[in-house]
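S.K.: Dock chains U and A against the given chain Z, drawing on the hints supplied.
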Amino acid sequence: MMIHFDNVRFRYDAGIDVFKGLRIGIEAGSCVLIVGRNGAGKSTLLKLLNGILRPSEGTVIVNGLDTHDHPTSRLAADVSVTFQNPSHQLFASTVLREAEFAPRNLGKEQPRKLAVDALRLFQLDGQAQIHPYDLSLARRKLLAIASASASDTHVLAFDEPSVNLSRPEQRILLDALDNLKNRNKTLLIVSHDLQLFLPLCTHVLILREGSVSFFDSPEALVRNQTLLRRSGVRLPLVHRLRPYCGLPPIPGRPLNEGPSQ
Amino acid sequence: MRFDVGEKLSATLFLILLAIILPWYLNAALVLCLLIARSTVPSIRPASQVLRRRFRQLSGYFTIVVVLMTLVNGLLMEGGTQWEVPGGFSISRVGLEFGLRTGMRLLVIATSLLLFFGSTTIPRIAQFLQSAGWPVQLVMTLLLTLHFVETLPDRVSMIFTAQEARGAPVRANMFARTKGFFLILSPLVLSAIVESIDRSMALELRGFHRGTKLTFDGETAAPGRMTIVSLAFLVLSFFCILWIILQWFQQ
Amino acid sequence: MVPTIDIRSLHYQYFEGTPTVLTDINLHVLSGSCAALLGPAGAGKTTLLQVLSGVVGSQFTTGKADGRILIGDQEFLPIPSRVLFPEVGYLMQDVSVQLSGIKETVAEELAFSLDNLGITGDERSRRVSAALSEFDLAHLAHRAPSRLSGGELQRVALASLLVSNPSLLLLDEPISALDSMAQQRMVSFIRSAKRTATVLLSDSGIDFALAVADLFVVMDGGRILFTGNRNQFLNSLQSFSHLLPISLWDEVLSQSRRMTVDSRITRVFT
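Chains as they are written, first to last, in my numbering: chain Z, 1 to 261; chain U, 1001 to 1251; chain A, 2001 to 2270.
Bound-form chain Z, shown alone (with noise of 0.2 Å):
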């Protein structure tokens, strides 16, 4: 198991219990889309992952690594979390030398090399040299992006990774996040966007008043529209619509195939 979340509990100081009893096991090479409404947890849940918050109860273990007992800046080696704000991270002279930030301080081995590689899964290698801020708004959120993916963790999540990314950009990062996951990279998505990202997720984790209402395969969440409607997730439209026409929700995925656990 690569994430355990154990009977985790967690409060914020203002004293409401964001989880009271969460318990989720996540496979390594895993591709989890979470979803669920704001105020749900999603975000504290990534913030759980690398001791950015840690559980008053409870433990959280990444990679055998027990959250409670190590710092974040450790934790950070086998766990990346990018945030939805790309401002909030980039502040190199150039794209190259923001790339190489996480794994120079990570102490990966070649760290320009994690990070040349980076940029080109994300095809940003042609702007190595540029200043972040001269990148357009989408092709900012995709450096933040990369530069996550630079560090070379074994588990990768992403904080709305798609918002103000544009149609190309968003055909990059599902070709990238694809790429990731053959490497058997272990990713978690928090999104909205349900249509970019259900047929790319092998799980999909519904948080709802702070404990765990679903988690399983896609197919087996769009057969059981009682529980969307209760989580207060819906599947977008063209999803929804597809049935009508006689096809499957989710593209390349059978209505009968079974759920995967």
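Hints in this document: simulated from the structure, not taken from any laboratory.
Ideal placement from N, C-alpha and C gives every residue a C-beta, glycine not left out.
Heads up, some of the hints might be wrong.
[As the list claims (entries may be wrong)] Restraint ranges, calculated between C-beta atoms of paired labels, are given here:
id, chain 1, residue 1, chain 2, residue 2, range
1, Z, D178, A, S2254, 56 to 62 Å
2, A, T2018, U, Q1247, 34 to 40 Å
3, Z, D178, A, M2181, 41 to 47 Å
[Claimed, not checked] If you want the ones that stay clear, here's a sample from chain U, every Cβ over 12 Å from chain A, calculated:
id, residue
4, V1041
5, L1096
6, P1169
7, R1177
8, S1186
9, A1202
[Said to hold, decoys possible] Pairs of lysine-lysine residues, derived as DSSO-like cross-links and limited to a Cα-Cα distance of at most 27 Å, are as follows:
id, chain 1, residue 1, chain 2, residue 2
10, Z, K181, Z, K113
11, Z, K181, Z, K47
12, Z, K47, U, K1213
13, Z, K20, Z, K47
14, Z, K181, Z, K108
15, Z, K108, U, K1179
M.R.: Structure of chains U and A alone, referenced to chain Z:
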């Protein structure tokens, strides 16, 4: 004991001027008095738990700055008694006194300003300034600046979190935090400028423009009217300014 | 009066010598209808909305514009040079900058526009109360705006627009930060808003537009590439695959007749 915005503002001005006049040991005593007053006087107590925590953090930073300033001046300046320290350095009495004098002044000024802004909300400041006759556009500019400063710690925290997640130990110690802060200065300023433009557009789109007066619910009578307390502090401030000018001429 | 909007041959650049950000814009939006501006980031959607609101003409005095804009019976040659408040209500893309930052409670925040209009006393209280109850904010009336959650902030931002009874609503990416249920509430809001206002909104997706829009406008690079109703939009969808997130629609559209798909969309959303 309740102080209104005008009284707090004139008291802050007086304290700043007093800090310039007093010797370092009296300034140190003044800081202690202000810290005691903070816990005992309701109108200058920080308005929320977040502000109390920020007050503690910022007071801590300023104290460290003062200590460093004192030591550095002691090492760099010469004169008076010299004390030998390990490493082949010596600290001079003159340097230490200079550092303490400057540092304590800074601490009084910082503590006074922190107490004022920590216990007075931005709307109250706006209400006071407008009723004191400030042009509305100027009031609004000041408010937008104060609003940015108020949200600065949260912004810095978000940026630090993003950098920590990339393996940068920006919260490891004071040195790391200071280094980290310089690294994020340019994205911070850029995002502030963009947000200010958007904010001013939003205000105009809601009808705020040249000549509009801001209106407030709640207290409208008290702010802007000169009270005895405000007048007393302003008179004392005037005498402080006179004293400073006299001292300057005598040098 | 609920206005029509008529834009003829609009060109705009922020400074002379810089690239034109809006080129040859021609658009007609019927009274009480909803037009959706669709396209990627940088297409000119926000610029067009801001030009219509008058804030661009008011704030950017170096701007160069050509063309004509007609909003209701007000004609602008070429663009409004003052903010069209209170006729226009504008929702910023980032709602956190929408609020004034100088009010201590939600109720006072809602009253900000009314204060700027000089509306006081009973009328002010009545409008604020109505807005609080319409947007389910009554329990938050005395809450500090800085302590609102994302969803509450969105509702306060919308309510603060509507207190001044605008007849033209300009909404910049109103659903980008909303979860599914909040998006459904926004759909309901726009459907009812059309009774008393003309609505122009922008979006980088298409689902929301399909639920609420009567007119679909596809933009890219400051130009309008397409205008049409829902059927016409669905018929032309495949030509915008490089601009809009429509990758799964190809199969849906080719498997059904257009009209069938259109009626399915209505069924799915009602």
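S.K.: Against this structure, judge whether each hint is valid.
M.R.: To see whether the hints hold, each was checked on the structure:
1. Roughly 25 Å separates the CB atoms of Z/D178 and A/S2254, a value that falls outside the hinted 56 to 62 Å.
2. Taken as a hint, the range 34 to 40 Å is violated for the pair A/T2018 and U/Q1247, whose Cβ atoms sit roughly 55 Å apart.
3. In this structure the hint that Z/D178 and A/M2181 lie 41 to 47 Å apart at CB is violated, the actual value being about 30 Å.
4. For U/V1041, the condition that its CB be more than 12 Å from all CB atoms of chain A holds, with the nearest at approximately 21 Å.
5. Annotated as non-interface, U/L1096 keeps its C-beta farther than 12 Å from every C-beta of chain A; the closest such distance is 43 Å.
6. With a minimum CB-CB distance of about 30 Å to chain A, U/P1169 clears the 12 Å threshold, and the non-interface call stands.
7. In this structure U/R1177 is separated from chain A by more than 12 Å, as the shortest Cβ-Cβ distance comes to about 25 Å.
8. The Cβ of U/S1186 sits about 20 Å from the closest Cβ of chain A, beyond the 12 Å cut-off, so the non-interface label holds.
9. With a cut of 12 Å on Cβ distances, U/A1202 falls inside the contact zone with chain A, its closest approach being about 5 Å.
10. For the given pair, Z/K181 sits about 20 Å from Z/K113 by alpha-carbon distance, which is consistent with the 27 Å threshold.
11. At most 27 Å may separate the alpha-carbon atoms for a hinted pair to count; Z/K181 and Z/K47 meet this at roughly 21 Å.
12. For the proposed pair Z/K47 and U/K1213, the alpha carbon gap of about 44 Å is over 27 Å, so the pair is violated.
13. Under the criterion of a C-alpha separation no larger than 27 Å, the hint pairing Z/K20 with Z/K47 is consistent with the structure, at around 16 Å.
14. Among the hinted pairs, Z/K181 with Z/K108 is consistent with the structure: their alpha-carbon atoms are about 21 Å apart, no more than 27 Å.
15. Taken as a hint, the Z/K108 and U/K1179 pair is honoured in the structure, with Cα atoms around 22 Å apart against an allowance of 27 Å.
When held up to the earlier numbered hints, the structure conflicts with 1, 2, 3, 9 and 12 and fits the remainder.
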